[in-house]
Each structure stands twice: as structure tokens, then as C-alpha cells.
Amino acid sequence: QQPVQSPQAVILREGEDAVINCSSSKALYSVHWYRQKHGEAPIFLMILLKGGEQKGHDKISASFNEKKQQSSLYLTASQLSYSGTYFCGSPYNNNDMRFGAGTRLTVKP
Amino acid sequence: NAGVTQTPKFRILKIGQSMTLQCAQDMNHNYMYWYRQDPGMGLKLIYYSVGAGITDKGEVPNGYNVSRSTTEDFPLRLELAAPSQTSVYFCASSKASGVSNQPQHFGDGTRLSIL
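Taken in sequence, the protein lines are chains F and R. For the first sequence, counting from 1, position 20 maps to 21 in the numbering used here; every step adds exactly one. For the second sequence, counting from 1, position 21 maps to 1441 in the numbering used here; every step adds exactly one.
One should not assume that every hint holds.
Said to hold, decoys possible - Derived DMTMM-like pairs (lysine to aspartate or glutamate); straight-line CA-CA distance at most 20 Å: (1) R:K1464 <-> R:D1476; (2) R:K1429 <-> R:D1528; (3) F:K56 <-> F:E67; (4) R:K1477 <-> R:D1458; (5) F:K60 <-> F:D18; (6) R:K1515 <-> R:D1458; (7) R:K1515 <-> F:E67; (8) R:K1429 <-> R:D1476; (9) F:K68 <-> F:D18; (10) R:K1464 <-> F:D97; (11) R:K1464 <-> F:E41; (12) R:K1429 <-> F:E41; (13) R:K1434 <-> R:D1458; (14) F:K38 <-> R:E1479; (15) R:K1429 <-> R:D1493; (16) F:K38 <-> F:D18; (17) R:K1429 <-> R:D1446; (18) F:K60 <-> F:E17; (19) F:K27 <-> R:E1479; (20) R:K1434 <-> R:E1499; (21) R:K1464 <-> R:D1446; (22) F:K109 <-> F:E17; (23) F:K38 <-> R:D1458; (24) R:K1477 <-> F:D97.
Treat the hints as calculated values from the structure; they're not laboratory data.
Whole structure, please, built from the sequences with the hints as guidance.
Written out as C-alpha cells, the structure is:
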């Protein structure tokens, strides 16, 4: 019942792009994206509610496919500050949030 | 700008001991959550509350109890600590339910070791 994230880890050089996927065998109510740096609390990035929706700010954006079974997070022209673990989450029911296992992103100079 | 405040930040317990992890938020959010995060893993929901006096189990509630007597506070109780409960515990709050467009705001976490 947890969303499945891929890849588990990715290493980039500054300026490179990355895509993180979050998928489910059933339609999701919504998809929440968070970033967590080591030893810190998760920080909210964005929420997608509707099939076909796309959102973004700065160089981080996300999409939610029409069937609401997959969301992708796009990081373009990555910066060192993008390093961390990215989680997607979706409510199993109204409030029972289930998170993926995370994707560890490392950006190197 | 306190947001969600968790205490303590670190704690070491012996097997069988009990303790309460405190969580308070000052954003007047109705929804509050407790998660645990094991090393290298995602967040697992323990309990949640949709308002004062209303709580419900999440994915991994065994060994824990909660109460919600006020909007601001949502303490998590461990009655008989076991090594399997060694984890980082995060409290979160949100303005509306998980199916809304409202994000969850997380506290800084409590790092708990059971020895």
C-alpha cells in the first residue's frame, strides 16, 4: 500500500538533471513530495491533486499522470543544495498517509 | 514562528521503561500525526488525530498510545520500551486532511534508543 519510489539513489554533478518516480498499483488520492536532509525534518515541496496536473517552482517541478497512478519529480540544473532524500506520500484513506522508501539524491561539485 | 515543537530531542531508555514524547503546535491545526523513521527508511504512520478528543491508528500502532486533550498538544506514549522501538520519531500537523492541498509541517524529531 506504500507508493513505490525509483530509483533508490542517484548521484549527479552540479548542473545535471534528475527524475524521481513514485508509482502505485491503484489510483492515488493525491501525491505529496518532501525533501529531507540528513538529521533534519522533512520539508514540504508540493502536492498534486488532479490527474494530468503539473506544478513547479524554481527548477523543481512535478507531474501526476492522468490515471493518478504515477507522479514524477523533476530536478533541473541541480545545485548542491538539492542533495537529500526525497519522499513521496499519499493518503491511504483521508488521513492515513503512506510514504515511499525515499530516493537519496547526492549532488557533487 | 515555533511551528511544531518536539521534546526531548534525544533519549536513551532501558528495555521495559516507559516514556512520553511531547509534541506541540502553535498553528491551530486540527490534524496531527506521529511517524517513526528507521535508519535509511521512509516514514511510517503510528497514530493520527483529526481534532481534540479524536485519535485513530495508523500503519504501525502496536506498542504506542496517544491522547489529544487540546488542539495544541499530541503526546505519544511508549509503555514498555522494546529494542524494536529504537527509531527517530517525527510529529507533524496540517490544516486539513491528507486528501486536501494542505501540507504537513514536521517537528525536528526525537531520536530514541532502547538498550
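Hints breached by this structure: As far as the earlier hints go, 6, 7, 8, 9, 14 and 21 are violated by this structure, in ascending order.
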